[in-house]
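Once you've looked at the hints, dock chain B against the given chain A.
As given, the protein sequences belong to chains A and B, one line each in that order. UniProt numbering puts the first residue of the first sequence at 1, with every later residue one more than the last. UniProt numbering puts the first residue of the second sequence at 1, with every later residue one more than the last.
It is worth saying that the hints were derived from the structure and are not from the lab. Honestly, I wouldn't trust all of these hints.
Note that the list lumps identical chains together, so a pair holds whenever it fits in one copy or between two copies.
[Claimed, not checked] Keeping only pairs whose Cα atoms sit at most 30 Å apart, straight-line, the calculated DSS-like set for lysine-lysine is:
{"no.": "1", "residue 1": "719", "residue 2": "2"}
{"no.": "2", "residue 1": "418", "residue 2": "827"}
{"no.": "3", "residue 1": "474", "residue 2": "872"}
{"no.": "4", "residue 1": "415", "residue 2": "3"}
{"no.": "5", "residue 1": "149", "residue 2": "184"}
{"no.": "6", "residue 1": "820", "residue 2": "792"}
{"no.": "7", "residue 1": "793", "residue 2": "827"}
{"no.": "8", "residue 1": "200", "residue 2": "737"}
{"no.": "9", "residue 1": "649", "residue 2": "635"}
{"no.": "10", "residue 1": "162", "residue 2": "593"}
{"no.": "11", "residue 1": "480", "residue 2": "55"}
{"no.": "12", "residue 1": "415", "residue 2": "651"}
{"no.": "13", "residue 1": "719", "residue 2": "693"}
{"no.": "14", "residue 1": "480", "residue 2": "758"}
{"no.": "15", "residue 1": "55", "residue 2": "588"}
{"no.": "16", "residue 1": "200", "residue 2": "74"}
{"no.": "17", "residue 1": "792", "residue 2": "827"}
2 protein chains.
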Amino acid sequence: MKKYVYMFPEGNGKMRELLGGKGANLAEMTGLGMPVPQGFTITTEACTRYYEDGKTIYPDIQDQILLYLDQLEKITGKTLGDPEKPLLVSVRSGARASMPGMMDTILNLGMNDEICEAVAKLTNNPRFARDSYRRFIQMFSDVVMELPKSSFEQFIDQVKDKKGVKMDNELDADDMSELIVLFKDHYKKSLGEDFPQDPKKQLMEAVRAVFRSWDNPRANTYRRMNDIPHSWGTAVNVQSMVFGNMGETSGTGVAFTRNPATGEKKLYGEFLMNAQGEDVVAGIRTPQPISALADTMPEVYQQFVDISSRLEKHYGDMQDMEFTIENGKLYMLQTRNGKRTAQAALKVAVDLVDEGVCTKEQAVMKVEAKQLDALLHPTFDPAALKAATPITTGLPASPGAACGAVYFTADDAAKAHKTGIKAVLVRQETSPEDIDGMAVSEGIMTARGGMTSHAAVVARGMGTCCVAGVNGIKVSEEDKTLTFADGTVVHEGDVISLDGSTGNVYLGAIATQEAELTGDFGRFMGWADEIRTLHVRTNGDTPRDATQARKFGAEGIGLCRTEHMFFEPARIKAVREMIISDTLEQRKAALAKILPMQRGDFEAIYRAMGGLPVTIRLLDPPLHEFLPHEDDEIKELADEMGVSFDKLKGKVESLHEFNPMLGTRGCRLDVLYPEIAEMQTEAIVSAAINVWKEDGLHITPEIMVPLVSEVNELRFVKKVIKAKADELIEQSGLKMKYMVGTMIETPRAAVTAGDVAKEAEFFSFGTNDLTQMTYGFSRDDVGRILETYFDKKILESDPFARLDQNGVGRLIRFAVAEGKRTRPDIKLGICGEHGGDLSSVEFCHNVGLNYVSCSPFRVPIARLAAAQARVKELGLA
Amino acid sequence: MKKYVYMFPEGNGKMRELLGGKGANLAEMTGLGMPVPQGFTITTEACTRYYEDGKTIYPDIQDQILLYLDQLEKITGKTLGDPEKPLLVSVRSGARASMPGMMDTILNLGMNDEICEAVAKLTNNPRFARDSYRRFIQMFSDVVMELPKSSFEQFIDQVKDKKGVKMDNELDADDMSELIVLFKDHYKKSLGEDFPQDPKKQLMEAVRAVFRSWDNPRANTYRRMNDIPHSWGTAVNVQSMVFGNMGETSGTGVAFTRNPATGEKKLYGEFLMNAQGEDVVAGIRTPQPISALADTMPEVYQQFVDISSRLEKHYGDMQDMEFTIENGKLYMLQTRNGKRTAQAALKVAVDLVDEGVCTKEQAVMKVEAKQLDALLHPTFDPAALKAATPITTGLPASPGAACGAVYFTADDAAKAHKTGIKAVLVRQETSPEDIDGMAVSEGIMTARGGMTSHAAVVARGMGTCCVAGVNGIKVSEEDKTLTFADGTVVHEGDVISLDGSTGNVYLGAIATQEAELTGDFGRFMGWADEIRTLHVRTNGDTPRDATQARKFGAEGIGLCRTEHMFFEPARIKAVREMIISDTLEQRKAALAKILPMQRGDFEAIYRAMGGLPVTIRLLDPPLHEFLPHEDDEIKELADEMGVSFDKLKGKVESLHEFNPMLGTRGCRLDVLYPEIAEMQTEAIVSAAINVWKEDGLHITPEIMVPLVSEVNELRFVKKVIKAKADELIEQSGLKMKYMVGTMIETPRAAVTAGDVAKEAEFFSFGTNDLTQMTYGFSRDDVGRILETYFDKKILESDPFARLDQNGVGRLIRFAVAEGKRTRPDIKLGICGEHGGDLSSVEFCHNVGLNYVSCSPFRVPIARLAAAQARVKELGLA
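With the rest of the complex left out, here is chain A:
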């Protein structure tokens, strides 16, 4: 039978796929001789089997688990359920990719009535033993039995009230005994059975619960946001317990080797004495900074500093570690590459290169491309900020500036977002259930919790501004009010501003300004540009887009849509005249009015791009998009145009289409009305001639014919283009070149790409339409099924956001190969929205495209993603 369980010394850091990140790193630290409580890892394959076997743990796998438990008992000299030498374990999930806060953890497993009292005697610490037991009851109930942890809190409050104390640590051993009775009673009343006393049964149930939790809605949402396949599964780590809650020489903490918010090279973290790990992460008590440990326990501190430093060098990256001190002895419970803000990621990457710890190629891999987004968005305008006085300050948990209307639940924030309102989510503390609302909020503010609280970790991962642990405020979800220390009350919908880099909170809105693109950012992106071979262009229809995109490093325009220009109020009249023309002459007369305006647009765009290549697409949308559809609007327009209502109404009706997406648009318009292509060609080419002559910019216009499904369409339109372009260039006396190419956006164009390339000098994959037609999904309509498709595991991601490599991607691969066979030097690009998506950029690099084109704000992200794809390809990561 396959091996489904590994003792820590059997594994190593490279076995991440099998053992999960946590398991692999525990094995690696074990190998490095670091103080790691021993245990074993149940592999991700066991999780996959669990789902294949209809959500049951196959008996043979159960036997293996018990076999390795036996080994662990031999190593530790303790036995699960043995009152003489009781073994207690933690059971923790550990997926291949880090999923902080998303999966469930159970500590102190092995506790029951008998063991609890045995531990009390053995440790001579009854309070500790009973505290551990009551925690276990809570965690087991919550994670395994789905009886919420919070449902136990009332009993703690009840005992505290009775005793007249405020803090958990003021409760003594007897109070804990009372709590255990109350908890077990609550368990039995709620679930109809006694709390399980058999530790092996506890263990198997806990393992099952971890497997099950891989499929909970929070985990699914997180995976979808982070492109983690469901099929990976999670490993389960069973580790002998060490206790941070054994008294005042015990404690627990988390720390980063560098500051995860700024990247500063300084040990950064926090700890709580006499506590278990969950207390720190949950943010229930406010912990001490890690530096304070130097005073409390100098030797332990020094040992931790040494280990931290060794781990950072060993992994070549900033580490995020968990540790526990049990009766003065340090144990390492976890290490991993630390999550960090975009700014920190940049600084760490640049510093590590400067320190000689890693190469530029490795450095480029240390910033998640999508994090860059945070650096590209506005910060507060310093002047506006200077004039503003913060009403309070919290922890700067995730950088950036946010300004929005206050909402007090994730659901309310999500609803507001749907109506177009920018929301700031204000919570007592966030929990994994809040994730959807957090994802759409401009910023997040919490009353409790530290830098490693749920809110802070998740916000940093999302690149969303977060101010956490704001002391002195009262958040009432019920009344929908936020009350500051000075008595100021903010209601739902009131606007506040958050500075995630300083922790400052302001009433009202504060003006923002553009991001800074020099310094570390500039150096780092320079390296990315050196490394990458894939070019990055932008989709842009205006000189403003062009200017913005050049700032962000765009190397040209990959898609300039001409229809947006048609919609401008000053022009739409001529466009409509063209549409309702009865004769060729009328249509040409109307087009002649549009010509000088289009020429002007193109001149401005050429100038803004300073001679970089510009691909201009001929008119794409169906003509009815330019006409009104309601009778009163038609009437108004008819009057304005001096035609009869009936005529105009008739025209609108004659242009109606059942499936406009598959209708008379793209090059089909040019086949029906070649004079449109002729006018646009004239605008494109004569603008280039003017800019050449006036500015000395040697433009090579790239004219793109949309929606080709048959090479003869392109052949026809190309003839029209060439006739006009050649005539104008001849007249100009310039040696100007131009290119004619096509979008590959119908499946047929992809399938017949070898033929299409006979006429096309370049292909630009229009993956929006290609995705629509390949799936048969109307993008305008797919919304109503997508959520159900995610829920039922039919799709893992939205194919309009992330390129479907298996289907659409296969068509692209085929078209690339066939296109190159016909025309080896054919220029290949992509201009769908996938051009700015990370995995899609990597795909484009691997498939051999020359460039991706994306919206201006995605340009730096695509540049970095392209560099990362190249590093991966070369195996230099």
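Same frame as chain A, but now just chain B:
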């Protein structure tokens, strides 16, 4: 330089692609030592070059033509333009596939003022010489200069009137001289130049005109109707003239080795003495039957009979021949496999096998599959026919019975057809310009012309009923009246009935009856069934469809659509209840009402198919198709259903889709509402159980999941199906099997077919939707561009009628290969409308499908097409 011209002895019958059908057969007859006037053929490649070179004849090709003219002059001892020994030639088109009447012919080329008088002297027959010259002027003007032939007729009438005669052959040599003067004058007035006197210039212009005529609208229409690619081009045959108009020992005729209407083994044809070929074909004078030649010129007749018989044996098929007798000497001008009616084709094929002339495999190739259609349609009910008295009788030119409203122009008939009226086209005589109107008419009747007239030939090709040469009627296109000999007047829109098999014409409508499917038809189709390996199923949603299709030889149902059953008035209420349900319970309650009705449908269909396989597709259309969309209808329905207008209106609006073709339909419905799939599965499986138990028919239901684009969709729906089906079968105690498969109708399903086949036990290619999505053509909207696409040579055929092998076909090939790789025994079929199209059936055979499924009336056609594909594949044709 490439060889673009072949003397007849240089070619042979196998060189059809290069020399065209006419050229290849002239070469073959030359090789057989038959009396063929010598000449040369300019190849189809020269025609293709003509179009590639921008519609000019490349100078080198012109030189080659003159070189071979030189050779012809040497062989004949005559010279073009030499008054001593004048060579006169015919210039005729000849494409690879026969295109009767579609291409243009010029006779007597080489004539000019000088040559005319020289020929008059040499032949001592001035009338003949001048008649030939005036004919040449007419034909050259018409074909080369586009000055209509008919514009010359007025002068003939003028001369006849002056002389007081009625027939052309009553005009003498002087009259002809007068005509020549009038014709040349008309030519000069109309075209502004003299009639060309240089014979070489005449020749080159004539060749150019033939090439040009390949692209005329009639030719394009004919090609599109007959699936002949534009790229084939036409050859040009230049042949020394022999003259049927030299006097009373000269003549010209056409004949078939067997009767082309009935297949009877008897020489069949007609001839005209002292005439040129055009006179016979155009039907201007009514010719004599071929048998009369035995009396007129017994030796010539016997020689012709011998040649006919040799040719039929040589080619192994019925021949259609043209001949000319010049001063008592027989010349063969053409032979080809003869066009024939469906009935004749069947009889000829069966007889040739019985005579031992050909094999069954060869016989199967002798009936055009699409001709079968004519045999499948109703004939007149004999009883009704007995009661009816024909008002007159014409030539039985193309068999079948037709009944419709009379129209007098092809345009009017076409317009009537568009509004749904069944039209009968009544004409003095038809001309190639009429082809579009003929194609849509139920039947055709002409006042003039014989069995080989344009109307007769074209109607037989189309399988349309035709009565030709109806003497004694007057047809006035102007007054829109048809006047019979007895004075009865029929106006536009009045109904008449035609019997194309007897030539009878009836006033009013006559009841019709089903076609006879036994006799020759039965034997012949039996051979087709023996030969073919591709199965033929039908698309059918009702027991009536199923019964009809079984009669036509369907081997199962390939597509049973369930939505049509939903639309029945008695059921739609429950369907609508289901749609507007707010809860799962409400929806299930509504579905429970539909269940027994669906079960009943399936039982009836299973019984009608008698145990043959039945593939049932789950609900496919978007739900809004079941709801009304106009406010007043919504109001009415709301009242009827007892819900508020607002609720129903809201539901209708919530279901609205921008592109319904790409919307919430097919399996997407089952993913959203698994209870629909569950109900349908129950209906399908429990119906099969009932029929098994009650009728002993062992059904294996094939459940088809539509619109899959991702295997997970199928996996999900299959689970729902299996759960329900297994439960029902278990309860029934039967050992019933069932299959679950899918449509391949999105490009993504085709591209990922290897994955889809993991779940699908069969694939059925839904080529309607696959074509829509592959091209990005909405079938409902494509009409407005298709004509333009044909005109501009962007498409050669409608991809919804004829499978696009280059694009859609490539996806199918890929899917077949990938599907078989995953599941070698996967069952493969097609159920789009292409299942009944000839070239598409051949494609399906070649690509390795197991079956095609088509509408009941296409089943015999598909059976024959499948047999023909097999014969071609085996090389046995």
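Practice task
Please work out whether the CA atoms of residue 474 and residue 872 approach to 30 Å or closer within one copy, between two copies, in both situations, or in neither?
Solution key: neither (49 Å within a copy, 86 Å between copies)
Practice task
Give the relationship of residue 649 and residue 635 under a CA distance limit of 30 Å: within one copy only, between copies only, both, or neither.
Solution key: both (8 Å within a copy, 26 Å between copies)
Practice task
Evaluate residue 162 and residue 593 at a C-alpha cut-off of 30 Å and name the case that applies: within, between, both or neither.
Solution key: Neither. Shortest intra-copy (86 Å) and inter-copy (62 Å) distances fail the 30 Å Cα cut-off.
Problem - Up to 30 Å CA-CA - residue 3 versus residue 415, copy category - result: neither (48 Å within a copy, 77 Å between copies)
Practice task
Have a look at residue 480 and residue 758 and pick one of within, between, both or neither, based on CA distance no larger than 30 Å.
Solution key: Classified as neither: same-chain Cα gap 65 Å, cross-chain 53 Å, threshold 30 Å.
Practice task
Go through the copies and call it for residue 719 and residue 693: within, between, both or neither, with a Cα cutoff of 30 Å.
Solution key: within (26 Å within a copy, 68 Å between copies)
Exercise for the section: First find the shortest C-alpha distance between residue 480 and residue 55 inside one copy, then the shortest across copies, and answer within, between, both or neither for a cut-off of 30 Å. Expected result: neither (41 Å within a copy, 81 Å between copies)
Problem - Homo-oligomer pair classification [residue 2, residue 719; C-alpha up to 30 Å] - result: This pair counts as between: shortest inter-copy Cα distance 29 Å, intra-copy 65 Å.
Exercise for the section: Give the relationship of residue 149 and residue 184 under a CA distance limit of 30 Å: within one copy only, between copies only, both, or neither. Expected result: within (13 Å within a copy, 109 Å between copies)
Problem - Up to 30 Å CA-CA - residue 737 versus residue 200, copy category - result: neither (77 Å within a copy, 45 Å between copies)
Problem - Intra- versus inter-copy proximity for residue 792 and residue 820 (alpha-carbon distance at most 30 Å) - result: Intra 40 Å, inter 28 Å, cutoff 30 Å: inter-copy only.
Practice task
First find the shortest C-alpha distance between residue 418 and residue 827 inside one copy, then the shortest across copies, and answer within, between, both or neither for a cut-off of 30 Å.
Solution key: Answer is neither; intra-copy 40 Å and inter-copy 47 Å both fail.
Figure legend: structure checked against the earlier numbered hints; hints not met, in rising order: 2, 3, 4, 8, 10, 11 and 14.
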